[in-house]
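Fit chain B to the supplied structure of chain A, relying on the hints for placement.
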Amino acid sequence: MNTRTDRIVPRHAGFWSDLSSVALRALRLASRDLEAIIPGMAVPLFFLIVNIGSLQSFVEGNLPPGFDFKGFQLPVSVIFAVTGISRAGSLVVDVQDGYFDRLLLTPVSRTTLLIGLMIADLAVVMVMIVPVLILGFIIGVGFETGILGMIVFILIGASWGIAFTGFPYAIALRTGNPTAVNNAFLLFFPFAFLTTAYVPKEQLTGWLSVAANFNPTTYLLEGMRTLILQGWDSTAILQAFLASAIVAAVSFTLAFTALRGRVRRK
Amino acid sequence: MTSSASAIEARGLVRRFGDKVAVAGIDITVATGEIFGFLGPNGAGKSTTVRMLTTLLAPSDGTATVAGFNIDSEAADVRLRIGVALQEAALDPKQTGRELLDMQGRLYGLPKDVRLRRVDELLQLVNIGGSIDDRIATYSGGMKRRLDLAAALVHQPEVLFLDEPTTGLDPTSRAAVWEEVRYLNKQLGITIFLTTQYLEEADELADRVGIIARGRIVAEGTPDKLKRSIGADVIIAKVGAGDGARAAQVLSALPDLDSVEVSGDQLVIATAHGASAISPVAVTLANNSIKVSELTLRTPTLDDVFLHTTGSRMDAEDQEAVAV
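Protein sequence lines, in the order shown, are assigned to chains A and B.
Residue numbering for the first sequence follows the numbering used here, beginning at 1 and increasing consecutively.
Residue numbering for the second sequence follows the numbering used here, beginning at 1001 and increasing consecutively.
Read the hints as simulated data drawn from the structure, not as lab findings.
Note that beta-carbon positions come from the ideal geometry of N, C-alpha and C, so glycine has one too.
Just so you know, not all the hints are guaranteed correct.
Unchecked claim - Simulated coverage check for chain B against chain A, where a stretch passes if three residues somewhere in it have a Cβ under 8 Å from a Cβ of chain A: (1) 1043-1057; (2) 1076-1083; (3) 1088-1097.
Chain A extracted, bound-state conformation (with noise of 0.2 Å):
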């Protein structure tokens, strides 16, 4: 037996090799976690067929002729798509199996266990939101603004994805508890069902028309809904991106105080 030949002097790596260590892993876990991802897809997929089914004549029918439900309902299935997409359930076993504590026995930079989690959900979501699209595309929605108008749009909708993403790694974080961390999910109902998922803002009456307009999906299904339908808009556009980062101020702070809480050695 023999364990070591020269000296090695380990050193800290710094925080983009930590960055890179930790995101490399989360992805490489990803790709073996596909029974957890592909329902993920299957669920949205499943909405879109069954939204259009049963809502495009409703819907239609109430409004002036040439209004497109199916491109109206395709943001709201990405949404669906890229909502509670993250490695919280993983970072839960990781806390479970002690593993979490190796990491922190080592010199990694703390806030790279959290960003390079994010980073392969980032690239997990932008996958999500291929398949929605191209049920989009087999069922006649095209995007008014081009190629260029759908890169915005995956941009957009992997903006949601990643700003919602704070939520259930608090959650994590906060109680080392995989049902906890399902149940983040509900955390979505009301960004999903007090806006305009299923008819236009003006179609809204009452207290759901003023829960509509604090509620940040409204804006991002309408910038989203702007490239498609209509052409480019900017203020729609960075209205979108602005509720995703009003998500995401609240949801990272919420994830990254759970971080400094779980590592704080107290």
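Okay, now just chain B, sitting in the frame of chain A:
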């Protein structure tokens, strides 16, 4: 960084969890190149001490340096110089063994060629053959332990912490771990802080032993010195239920007995001259109508030291009150 020559130096280390005191002010000095055995029953405070010394937990009070760096104010420097194998193998079941070792190397800033070389070197230690490229979830318990140890060694630490490295292992795997620990210490010069609840393990491996009970170190020294401290020989007399205290009382009148301890239905009698003392012990107990079912003469063990210093056997210690 301090100028201390000790690998580990702790003074008045305390750790509280709410109103529970897990570690109640311990002092430890471990010399560079030494194997220090930290012996105690479950819940005595061993793992909490290790978690403080390895920077996973902040002490509530007291100070300590590891490899010359303060565990509180210079935690990052400590982490660069230590390797840790915690009580439960801390592995990622979805990675392969090779991926896990390579990731460890990356986090310690090792260049790719050095990481490749280290993984190959550690493969000899891990001794899991072609399984290194299999997912860790498929490994046996013994393989996981060995991989965990290899992960702790990737960056050639100066100080290695092994928290109950053989708990739950079969005798063959335990012997293999002992061999590895000796090799790491003697051949590679790594200072080793080893916690264990196995007396035999501390006796076999440690240059010096610290015995911890209820969060305090109750005895410290080389195993031989500790055992000699309670006498050259030990006579064990198994008496009837309820006779222990009376037996101890009648034996206290005999000359040449250093101490008489009662542990359940056993009397543990320390003496410098076991061969000559055993007959008077048997006669005195018989004359006082105390029935003896077994009478044994042997040399002292660390368990006898534990009994002598704490008043109870290690396996009888219920230390839930301070367990965390």
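We went through each hint and held it up to the structure:
With a threshold of 8 Å between beta carbons, the proposed coverage of the region 1043-1057 of chain B by chain A holds, since 4 of its residues qualify and at least three are required. As drawn, the region 1076-1083 of chain B meets chain A at 5 residues by the rule of a beta-carbon pair under 8 Å; at three or more, the given contact holds. Only residues whose beta carbon comes within less than 8 Å of a beta carbon in chain A count, and the region 1088-1097 of chain B has 8; three or more means the coverage holds.
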